[in-house]
Amino acid sequence: DAGVIQSPRHEVTEMGQEVTLRCKPISGHDYLFWYRQTMMRGLELLIYFNNNVPIDDSGMPEDRFSAKMPNASFSTLKIQPSEPRDSAVYFCASSTGQGNQPQHFGDGTRLSIL
Amino acid sequence: AQSVTQLGSHVSVSEGALVLLRCNYSSSVPPYLFWYVQYPNQGLQLLLKYTTGATLVKGINGFEAEFKKSETSFHLTKPSAHMSDAAEYFCAVSGRDDKIIFGKGTRLHILP
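Respectively, the protein sequence lines represent chains A and B.
Just so you know, we're using the numbering used here here: the first sequence kicks off at 1 and counts up by one.
Just so you know, we're using the numbering used here here: the second sequence kicks off at 1 and counts up by one.
So here's chain A without its partners, still in its complex pose (with noise of 0.2 Å):
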């Protein structure tokens, strides 16, 4: 079965550039998370979807970011403008909901703004 699959696997851009990260989840999954990893504060959930509808984006840390779900097999995340510090690894991961269940995660997006 093929796994989440997330889009490009690298990025590097130019400050103020508009970034669009996709993802695919898993066939099936109604749920979907986006999460950004750097060294300094670890994994942070920025938003998740159920059934293609924003759940929470409490974790989204600016208005420069936006997420969207238009179909049950994609999702894109997307930074305009795009800053240094948004520099990260940007994970995708989907799950069949609940808590008991495990999240299956891509092999992340590792973006840099120069």
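Note that these hints are calculated values from the structure, not bench results.
Any given hint might turn out to be false.
Straight-line C-alpha distance at most 25 Å; calculated SDA-like pairs for lysine to any residue [said to hold, decoys possible]:
| no. | chain 1 | residue 1 | chain 2 | residue 2 |
| --- | --- | --- | --- | --- |
| 1 | B | Lys-99 | A | Ser-58 |
| 2 | B | Lys-99 | A | Met-15 |
| 3 | A | Lys-78 | A | Ile-5 |
| 4 | B | Lys-99 | A | Phe-74 |
| 5 | B | Lys-49 | A | Leu-46 |
| 6 | B | Lys-99 | A | Phe-65 |
| 7 | A | Lys-68 | B | Gln-42 |
| 8 | B | Lys-99 | A | Pro-61 |
| 9 | B | Lys-99 | A | Arg-110 |
| 10 | B | Lys-49 | A | Asn-71 |
Use these hints to put chain B onto chain A, whose structure you have.
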């Protein structure tokens, strides 16, 4: 609300020695507990989980963890470390909502 504390951001053990990674949790409801492993340039992978039932949980790669309610702990162990076990390990807790709360991680170093 749930929280998790991992003791030690770095742990070093010799190859063949016992691995012990410590995790304590806080939860207002009976918790679900997880251990994940992250290898370089990869996402997190599930090692094992505790939901209900037997308190000693066996996972992949020879790891196991024991849920101790009285100590609010869920420590991860492996009898004999292998070089391939070098990675970062995350303990996580969940309650009755949809979110999993992750600890800050422990990087395991294996000494030859």
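Hint check results:
With a CA separation close to 12 Å, the supplied pair Lys-99 (chain B) and Ser-58 (chain A) stays within the 25 Å bound. A threshold of 25 Å between alpha carbons decides the hint, and for Lys-99 (chain B) with Met-15 (chain A) the separation of about 32 Å lies outside it, so the pair is violated. A hinted pair counts as satisfied when its Cα atoms are at most 25 Å apart, and Lys-78 (chain A) with Ile-5 (chain A) qualifies at roughly 17 Å. Only pairs whose Cα atoms come within 25 Å are accepted, and Lys-99 (chain B) paired with Phe-74 (chain A) is accepted, the gap being roughly 20 Å.
Note on Lys-49 (chain B) and Leu-46 (chain A): the hinted pairing holds, with a Cα-Cα distance of about 23 Å set against a maximum of 25 Å. Distance hint between Lys-99 (chain B) and Phe-65 (chain A) is fulfilled; the C-alpha atoms sit about 20 Å from each other, no more than 25 Å. Our distance criterion of 25 Å between C-alpha atoms is met by Lys-68 (chain A) and Gln-42 (chain B), whose separation comes to about 24 Å. About 18 Å separates the Cα atoms of Lys-99 (chain B) and Pro-61 (chain A), which keeps this hinted pair within 25 Å; it holds.
Taking the CA atoms of Lys-99 (chain B) and Arg-110 (chain A), the gap is near 23 Å; set against the 25 Å cutoff, the hint holds. Pair hint Lys-49 (chain B) plus Asn-71 (chain A) does not hold up; C-alpha atoms about 30 Å apart against a cutoff of 25 Å.
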